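Taken in order, the sequence shown gives residues 306 to 1032; the numbers are from the working numbering.
A few of these clues could be false.
As the list claims (entries may be wrong) - Restricting the straight-line Cα-Cα distance to at most 20 Å, the calculated cross-link-like pairs of lysine to aspartate or glutamate (EDC-like) are:
{"#": "1", "residue 1": "Lys-971", "residue 2": "Glu-925"}
{"#": "2", "residue 1": "Lys-986", "residue 2": "Glu-532"}
{"#": "3", "residue 1": "Lys-415", "residue 2": "Asp-535"}
{"#": "4", "residue 1": "Lys-412", "residue 2": "Glu-550"}
{"#": "5", "residue 1": "Lys-349", "residue 2": "Glu-425"}
{"#": "6", "residue 1": "Lys-349", "residue 2": "Asp-452"}
{"#": "7", "residue 1": "Lys-976", "residue 2": "Asp-837"}
{"#": "8", "residue 1": "Lys-349", "residue 2": "Glu-374"}
Stated by the list, open to error - Derived DEER-like restraints, expressed as beta-carbon distance ranges:
{"#": "9", "residue 1": "Trp-342", "residue 2": "Thr-499", "range": "34 to 42 Å"}
{"#": "10", "residue 1": "Val-668", "residue 2": "Ala-1023", "range": "54 to 62 Å"}
{"#": "11", "residue 1": "Glu-550", "residue 2": "Thr-470", "range": "49 to 57 Å"}
It should be emphasised that the hints constitute simulated quantities derived from the structure, not laboratory data.
Here the structure is a predicted model, which means the values were calculated and not measured.
Just so it is clear, CB atoms sit at the ideal spot from N, CA and C, and this is done for glycine as well.
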Amino acid sequence: MTRRSAVVATFRWLQQRFLPWLCLLWCSVAAASSSGWVQSTHLKAELVSEYRQLQPGQTVTLALNTQHEPHWHSYWLNPGDSGLATTINWQLPEGVSAGAIQWPTPKLIKVPPLVNYGYEDQSILLTDLQIPADFTGESLVIVATVDWLVCQEICIPATASFSLTLPVAANAEVSTAASALFVTARQALPQALTVVGRYQMQDQSFSAVIELPQDLQVNAFFVGSGEIVDHAANQQMHYQPGRGEPGQLTLRQPQNTYFSQAPTELPLVLITASGAKQLLLHHQTATSPAIAAKSTHTSPPQTFALTEFALMLLFALVGGLILNLMPCVFPVLSLKALSLSRAGQQLAAQRAEALWYSLGVVVSFVALAALLLLLRAGGESLGWGFQLQNPLLVALLAFLLFALGLSLSGLLQFGLGLMNSGQQLTQQSGHRGSFFTGVLAVVVASPCTAPMMGTALGYAATQSAPVALLVFTALGLGMALPFLLLAMWPQLSAKLPKPGSWMEQLKHWLAIPLYLSAVWLLWVYGRQTSIDALALALLGLVALAVACWQWGLVQVAKQQGNKTLLKQVIALIALLLALLSISQPELPATSAQSKDGSAVSQSNSEQGAAEAWSAVRLQELRAQGKPVLVNMTADWCITCLVNERVALNTEQSKDAMQQYQLSYLKGDWTKQDPAISAYLKQYGRDGVPLYVLYFPGQDGQVLPQILTPNTLSEVLAAGPQQSGLSH
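All chains, please: the whole structure from these sequences, using the hints.
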């Protein structure tokens, strides 16, 4: 063997033995800067470091590299009309800090009639980590929990956790394997502009002026804060060159319906001929001549907002008063009427009862509003009656009303507290019972929406927290108004019937609406869960009846001086069994979906039958030039159910639908649905029912909240005169 042949043979031997190991070692080193791919709902992502080795005092950039499934998207800093921005929760060693997310230029995502901003396919979110100069660890452990809202035509929350461990040494080393990714990420970021920009909210529009030395040929802009602009509205852009000074770019877009407060600083992305640019706008409270000079509108009178606020307070007051006539409130009002009648001519006692009941109503409305505002601030999409979207709360309320009915039937007595036996009404127990009756009245009133009430609630949803709380206070005062009148004018109390033997019979009859309300709530519970869960709840109702029966025996035994321990134990065990029966309600399987993710509509072979609502289906029908009726409802909304029975599911309405070839879409808000919440918000509503009629080529016409048998046919008959709709 020649020397050359020996060298070649030796090289091949080394290649076969060690090259695979060297490749494996190199791949491990290259991959050390990545957490590896983590699969989540409709996307996968990895956390990548620009450096594979760090040094104390360094600022290192991390990338959340996300790959969405086809046609799915997540959201930008400002998600637009709906959605939630992606959030990253960092768990870092002491002293290490993470900066804000560096958002790439978003894409306009249209889901008519909504407009959103977000990312499809690949998105790379950069974040800078600052390592302190006195960091002494040999490695840096980085843990991040990421929350996305991933949407196509439905939206699904997605969460994933990432872990990345990087060595720390005297010298930092760049990860060559990750270099291309960070180049791509930085190219997707809007270029920072160090220019002066200011904005105002005036004339029901967003107006901004930016000083620019040259025309950047802006063709669109994205406002980096929600509820500032009407995202679907047209944008106006005008550049005025300066003479010896920077020119001015003026931007305008109509104000968002739900605008409440202007932030001090507002991120803005400009889409220009040379790429995306980003800057901060500063809010200017005083009128800017540069902005006002180009405005063709005059500012509305300063009293307009006050007038609207006063009108909404009146609507809330009247709506609360009408709420007393709704069927869901009647059982509890019966309890209060009974207790006032028991008081006879004790005017002081009647006044105390009425005032404490009114306080319970008002406090409950304000507390419910505060909770609703708090949950919304946390990103929840909720509206009036939101607590009845929770099956557990529905079942508990059904159990409570059933127990109250058993008390009125004489099985046991809640008299000293909840029911107010009529004796010692001015003592603390009587006050407490009246207050709690007011609380209960508000809880059972939430499934109902009275005329004028929906408008007031929709207005409250767009205002600041103090204004919203005042609207809810007016709503509570309206509901408590009949009893407040009894408290303020004793002569009205004198007209109440005197107590007598008829009271006991009336009490038994008043148990019936409570039982009926419990049956209705259990029906809602079954619709929200499953037939098996409903069967368990009915078994729980039997256990609750046993508990009440045993507790009634305890009350009798105590009056007779007999022992009660065994009966108390049985009552407690039965109560626990009742609560266990509803502790983990079985949720139904999700509705069938088509391949594109949209809900599969029900057959509409029979005219008057409802299809499942979706924004896409509504858009399709309107694009086809068809008249459409949208019915937003919920199983727990008694007003909705009554309207359907009396006004929509009737032969008269079905004949009208047939005559005008009306398509009928029905949205079910029994459980929380962000898409329906967004649709309600579009029409200034915060709860159901909502009925919107679309004639071809026209905007939606909102129908009254209380429908009559003739409402639909009359509106359809009047519609063709304006829309050209033929019979």
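Discussion item. For a C-alpha distance cap of 20 Å, please report whether Lys-415 and Asp-535 respect it.
Written reply: Distance of about 13 Å is within 20 Å: holds.
Discussion item. Holds or violated: the 34 to 42 Å window for the beta-carbon distance between Trp-342 and Thr-499?
Written reply: Roughly 38 Å apart at Cβ, these two residues keep to the hinted range, so it holds.
Item to complete: Hint says 54 to 62 Å; check whether the CB-CB distance for Val-668 and Ala-1023 agrees.
Response: violated, 44 Å
Worksheet item: Between Glu-550 and Thr-470, is the Cβ distance one that fits in 49 to 57 Å?
Response: Given range 49 to 57 Å: holds, Cβ gap about 54 Å.
Worksheet item: Are the Cα positions of Lys-412 and Glu-550 separated by 20 Å at most?
Response: violated, 34 Å
Item to complete: Sort out whether Glu-925 lies within 20 Å of Lys-971, counting only the CA atoms.
Response: holds, 15 Å
Worksheet item: Is it true that the CA of Lys-349 sits at most 20 Å from the CA of Asp-452?
Response: holds, 12 Å
Worksheet item: Is the Cα-Cα distance between Lys-986 and Glu-532 20 Å or less?
Response: holds, 12 Å
Item to complete: For the pair we were handed, Lys-349 and Glu-425, check the Cα-Cα distance against 20 Å.
Response: Holds, because 12 Å separates the two Cα atoms, which is no more than 20 Å.
Practice prompt. Would you mind confirming whether the straight-line C-alpha gap from Lys-976 to Asp-837 stays at or under 20 Å?
Written response: Judged against 20 Å, a Cα distance of about 18 Å means the pair holds.
Worksheet entry | Lys-349 paired with Glu-374 [C-alpha distance capped at 20 Å] | The given pair, whose Cα atoms are some 8 Å apart, holds under the 20 Å limit.
Hints 4 and 10 from the earlier list are contradicted by this structure; the remaining hints agree with it.
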